[in-house]
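Colleague: Residue numbers (our numbering), protein chains in the order written: chain A, 1 to 353; chain B, 1001 to 1353; chain C, 2001 to 2353; chain D, 3001 to 3353.
Treat the hints loosely; a few may be bogus.
Unchecked claim - Derived coverage of chain C by chain D (criterion: at least 3 residues anywhere in the stretch with Cβ under 8 angstroms from a Cβ of chain D; other residues may be distant):
#, region
1, 2151-2161
2, 2198-2207
3, 2215-2225
4, 2244-2254
5, 2278-2291
6, 2300-2306
Unchecked claim - Simulated crosslink set (SDA-like; lysine to any residue; CA at most 25 angstroms straight-line):
#, chain 1, residue 1, chain 2, residue 2
7, C, K2195, D, E3061
8, C, K2100, D, P3259
9, B, K1100, A, L270
Just so you know, these hints were derived from the structure itself, not from any lab.
Quick reminder that beta carbons are idealized off the backbone N, C-alpha and C, glycines included.
Number of protein chains: 4
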Amino acid sequence: MSINSFGHLLRFTTWGESHGPALGAVVDGCPPGLGLSEADLQPFLDARRPGTSRFTTQRREPDEVRILSGVFEGRTTGTPISLMIENVDQRSKDYSEVAKAYRPGHADYAYDAKYGFRDYRGGGRSSARETAARVAAGGIARLVIPEVRIVAHVIEIGGDRATSFDEAEIARNPFFCADAVAAARWEKLVDKARKAGSSLGAVVECVASGVPAGWGAPLYAKLDADLAAAMMGINAVKAVEIGDGFAAARLRGEENADPMRPGENGPEFLANHAGGIAGGISTGQPVVVRVGFKPTSSILTPVETIDRVGAATEIATKGRHDPCVGIRGAPVVEAMMALVLADHKLLHRGQCG
Amino acid sequence: MSINSFGHLLRFTTWGESHGPALGAVVDGCPPGLGLSEADLQPFLDARRPGTSRFTTQRREPDEVRILSGVFEGRTTGTPISLMIENVDQRSKDYSEVAKAYRPGHADYAYDAKYGFRDYRGGGRSSARETAARVAAGGIARLVIPEVRIVAHVIEIGGDRATSFDEAEIARNPFFCADAVAAARWEKLVDKARKAGSSLGAVVECVASGVPAGWGAPLYAKLDADLAAAMMGINAVKAVEIGDGFAAARLRGEENADPMRPGENGPEFLANHAGGIAGGISTGQPVVVRVGFKPTSSILTPVETIDRVGAATEIATKGRHDPCVGIRGAPVVEAMMALVLADHKLLHRGQCG
Amino acid sequence: MSINSFGHLLRFTTWGESHGPALGAVVDGCPPGLGLSEADLQPFLDARRPGTSRFTTQRREPDEVRILSGVFEGRTTGTPISLMIENVDQRSKDYSEVAKAYRPGHADYAYDAKYGFRDYRGGGRSSARETAARVAAGGIARLVIPEVRIVAHVIEIGGDRATSFDEAEIARNPFFCADAVAAARWEKLVDKARKAGSSLGAVVECVASGVPAGWGAPLYAKLDADLAAAMMGINAVKAVEIGDGFAAARLRGEENADPMRPGENGPEFLANHAGGIAGGISTGQPVVVRVGFKPTSSILTPVETIDRVGAATEIATKGRHDPCVGIRGAPVVEAMMALVLADHKLLHRGQCG
Amino acid sequence: MSINSFGHLLRFTTWGESHGPALGAVVDGCPPGLGLSEADLQPFLDARRPGTSRFTTQRREPDEVRILSGVFEGRTTGTPISLMIENVDQRSKDYSEVAKAYRPGHADYAYDAKYGFRDYRGGGRSSARETAARVAAGGIARLVIPEVRIVAHVIEIGGDRATSFDEAEIARNPFFCADAVAAARWEKLVDKARKAGSSLGAVVECVASGVPAGWGAPLYAKLDADLAAAMMGINAVKAVEIGDGFAAARLRGEENADPMRPGENGPEFLANHAGGIAGGISTGQPVVVRVGFKPTSSILTPVETIDRVGAATEIATKGRHDPCVGIRGAPVVEAMMALVLADHKLLHRGQCG
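Chain A extracted, bound-state conformation (with noise of 0.2 angstroms):
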């Protein structure tokens, strides 16, 4: 119950700011005997780090993930990985502001209601920084479960939706887009967003591919409940669906049906409604989640709020920031599925052999 951890089994509790001398994040309960380096993370790391394109917050991290625990002879032993990434490129005189007046929209008023006072420096602990500890942590996840496979991608950013789908194309823009048509779009959408000093929302969708049947609980344990909880404990997200989502909400109860048949190794399915679950546990076939974001409440046109002790002024936020945060959350999705898989995929493990 630890409210900065997350997971039953295979658990993981994170730590850091933005502008702390680090961030990191402790896994726990990791199966003994899995080859593990730092060379098996960082490229997930990397993904998600920020700088490398213009459409992305300009602030310059390595990301560079040290294991500092719980390995020996490059296998895991079972015991607390604890994970450390160091902040290097904090820039503090930029918030100076934001210390003064709440950023609408942001948690900077949450924080204080909540605490009396709060890090205000590039948002504390807010910042969607944090998410870097969970790459980290999802990537020892994905060596828990080699049998599935895992594909994020932004399938719409600031209302305009991608059409296409072709896996290879992923990489190859900055938008983590799997339609080049769109990519292209979405490159002149970012760009005047992040010249007017605005900022867009996305939709990021993941799927888990050769997930078998049988993993997730009724009822307070389902699979998609954590998912549901995984995704919305994401920054900036406020949407989360399963499958066909509200979508579902739309059809009559034949046409979301999921036909079965028999098939070669074991049932098939004509459609997946059902986003490959039912009743809280796996189905067999892909896991999907979708995931909406907010546009980043860091903004540069100024918005009507409140200082500290009340008083009515108006903020415009001049530090570094991404324009569209939605677009490197599709690393943390990812994330964040293989980390509710591998624990699930544990959980049955220990209640089912």
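Since the structure of chain A is provided, determine the placement of chains B, C and D on it from the hints.
Modeller: Frame of chain A, contents of chains B, C and D only:
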């Protein structure tokens, strides 16, 4: 980490199957000294109760709740409160066909894959009947947060959306609909689906007003993450959004900001796109969540499926079922909202005094 | 973190008061497919049942357990198992004096200090009657670990220690004593205390054989740490030791070592000072725990105390009580041992496969 | 349920091995606004630090703690506090023999049985070095409970018991002994064991005064159950008792009662057999716990054992080890006491306001 429990400090565990002798919940961590009797809980159970109109399952259950522990001389003692609801109107003969083949879209196949067999009578543990236990537990949670007012209503059935809001209407129609005109349309819509042996999905919106700023916690016990888990854990739910949700992903940063102004009783907000939560912590604005229910998967229309030995067959479910399970979802969503908020009130008090 | 739950993967939650209508437990996380009926649990409840000799409380309770969920066609389904035991022989009139003043050594005062009031009838939630629920839950745990054999016996009453061990004797006397000679002495000892309105303490030893090497986990879910919590949570327990326990603190390193030799079925140990646990993980040797029970605090001898408004008074407890509550502790200690071991079996399987 | 975490609301997770680059703890759930810097924690680490006398291991570790997160402008922010202590004086070559064969009484064999292999350098995760992280975390817990005063001292080494108590003496000798005469005896005793390549056990007593009545909770988060788990989880601990502990099992009910009298500041007690806890809840009296440490299992005296392939051999441990690990247990026991009490203070405030 109990898989049938929910909550951190105010924690409840449910048990029971659709056709067992009874079902119930144990509510642990309730503050002492709260006035509590069965009469405080029964109205919520009555609202969820089946068989009260032709738009819900025709199973007749009085759903009378008994308090078996944790209350002395009319007040909560601070020890576990055991709630029990007897099952009265089981007709297990209805389910012989379900025992043999899997209903597409239902938990049948996933349960068998996980556990090796299942209690097929009425869906067993996966039946929406379990939600009676949540509603009873939610009644206790409400006593913990007298400062909060929770209202859920159905805003959409089968793709037909309500367009006006008059809270007084909610209790006047069998759809928990705040729009009398929409309710009249839905009467025909649901009747038609019911007669056709089909089913419809629905969207429920729930608003909690009176929540003070400061409840919730970064990052894995975010108020919105816990709400997402709570709602996604309800039977038939496939989507959850907070505030503007997916629509926020289509707004620009300046449109999505909720500007703040000084008010007589603390800050006032000029909008509530955030749905009352920023950075996982309540802002003092109404907490708004929307929940998408898929259409019931038990339908009279025959669907292709396989049987327990993997052979092709088709199935039509003849038992008594809700033509639109989302309708009765409204009281369940209210209960889960109450349980999450009450839990976070205690958590906040614990950490921050 | 539920305060009335115990266990990680196999987790149970108990509820109920001494004089409420019933008490019970919900057992969550049980593996599916285990044969289970009330007949599997009743013998353990019968062993703990009061009123069977003059050496226990004269309250007459059949302690018949009912299984309300989680079992279908005679097998566990993997869903929560709800167990209920009705209270039959309450005599609440006995407790009028306890309502007004605090029994020294009892939970009365502490409960009032914490909760503001208490259910004083028979000790309410603090009554040893709650242990019936543990014993029932323990019966389920035993089914999860058929490879393990658990035997608890009373080794000391009122400072008089048993000196021989014949397991067959345990069931032949009302003291769970493996030493027939000691049992004969204890008969007089306990009789004398009972007639004098006094009470006696006891020490229970419990040995679990057949536990394979590898159960448990560093560092905060150590097998011995969980056993310590399990035992110290039993009413009236004030001390727990593993293996040689406090005596080990008086040994030299070479005396306390358990030398290992190659054996036909894996390593053999030449001693078991460690009580079958090293570094929090089982070694394959018998797991040995000893538990100290204080004398019952409800005694006929008047003791100085204060009443609810803080005035000086004295109290003599006239209700029905065990003259030596440790005696009936033996089946409870066995149940807790089973619950901890079963839980760790599942945990180990979850993490290590 | 993280296996390397402890606590309910104030929860800490430790990581690190004896010979890894560093070790540490993440403390989650700390109240905001508490003044905190490294200087608040260092004195406790210094008290536990090895190499300060010839009676502890000769490993030289500065044990300088760094705070990496959760503190801003000198105050706790309410977010996770990451503590790191670098390992400086590893000499991994010392452990070549330990890699091949199992030290009887040590965790070596159990770790291999569980995980398939182990980090054998200095005991890896099972090393008492991990307790540095607890001591650092305990320093934070103390800030949460300024009303409580905690004193631990060694009351027995190798069976030789201290007989007088002068708190000022504790800091004057290397044994945390409150009895100057006993300390002088122990100097010879431990020296002799050290020179003989043997080791000794010890008993530590810890008293927390100032704990108000009402902390703790029935039944599975009892204050004494949590203390038992906390203490039994410390390396080398085999026994825990509260108040009179096992001695209470030899008292009669009227002897064991702690009579109550009206006092100027609430009730006064005429004795404290209960060790400040009744029914799992604090009574307002000092909380008293005694903890038994076995002798260090790493000794120079050769002991029969087996090697990794199961063949007979013998082992003598030549690395640097504490001749009596219980001595340095005193600061660790204090830290665990602080952590349990601080956690229960928050829990009580959460549930009872």
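Colleague: Confirm or reject the coverage of the region 2244-2254 of chain C by chain D under the rule of 3 or more residues with a beta carbon closer than 8 angstroms to the chain's beta carbons.
Modeller: holds (count 10)
Colleague: Take a quick look at whether B:K1100 and A:L270 sit within 25 angstroms of each other, Cα to Cα.
Modeller: holds, 20 angstroms
Colleague: Do three or more residues of the region 2215-2225 of chain C come closer than 8 angstroms to chain D, measuring C-beta to C-beta?
Modeller: holds (count 10)
Colleague: Quick check: the region 2278-2291 of chain C, covered by chain D? Criterion 3+ residues, Cβ under 8 angstroms.
Modeller: Satisfied; 7 residues make the cut.
Colleague: Holds or violated: C:K2195 with D:E3061, Cα cutoff 25 angstroms?
Modeller: violated, 62 angstroms
Colleague: CA of C:K2100 to CA of D:P3259, is that 25 angstroms or under?
Modeller: holds, 16 angstroms
Colleague: Are three or more residues of the region 2151-2161 of chain C within 8 angstroms, CB to CB, of chain D?
Modeller: holds (count 3)
Colleague: Please check whether the region 2300-2306 of chain C has three or more residues whose CB lies within less than 8 angstroms of a CB on chain D.
Modeller: Holds: 5 residues of the region 2300-2306 of chain C have a Cβ under 8 angstroms from chain D.
Colleague: Are there at least three residues in the region 2198-2207 of chain C whose beta carbon sits under 8 angstroms from a beta carbon of chain D?
Modeller: holds (count 6)
Going down the numbered hints, you'll see the structure goes against just number 7.
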